[in-house]
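Asker: Work out the full structure: start from the sequences and follow the hints.
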Amino acid sequence: MFSLAQMPTGKSGAIRTVGGEGVLRRRLLDMGLTPNTIVLVRRKAPLGDPIEIFLRAY
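With our numbering, letter number 15 in the sequence shown gets 203, and the count goes up by one each step, no holes.
Hints should not be assumed to be uniformly reliable.
[Said to hold, decoys possible] Computed spacing ranges between beta-carbons, pair by pair: (1) A245 - G210: 15 to 21 Å; (2) L217 - D237: 18 to 24 Å; (3) P238 - G201: 15 to 21 Å.
Hints in this document: simulated from the structure, not taken from any laboratory. Keep in mind that this is a model prediction, so the values were computed, not measured. Note that the Cβ used here is the ideal one computed from N, Cα and C, for glycine as well.
Answerer: Right, here's the structure in full:
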């Protein structure tokens with residue numbers, strides 16, 4: 189198991205847990221990053237942050 193930031197570009201996987209605390213965690217959940225959701229990493233910036241992901245047809 190590894191973090192979304194460590195996932196290679198073009199690969200997909202399922203979210204197992206959502207980290208963070210307080211407002212950050214709430215924002216991730218509001219964006220649809222919930223457990224058991226399948227995500228695809230579409231692109232990454234040259235230094236790795238930010239990343240573009242595809243989930244729930246968005």
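Asker: Now, for every hint given, state plainly whether the structure supports it.
Answerer: Against the structure, the hints come out as follows:
1. For the pair A245 and G210, the beta carbons lie near 29 Å from each other, so the given range of 15 to 21 Å is not met.
2. As the Cβ distance of L217 to D237 is approximately 20 Å, the hint placing it in 18 to 24 Å holds.
3. A beta carbon spacing of about 18 Å between P238 and G201 agrees with the range 15 to 21 Å that was offered as a hint.
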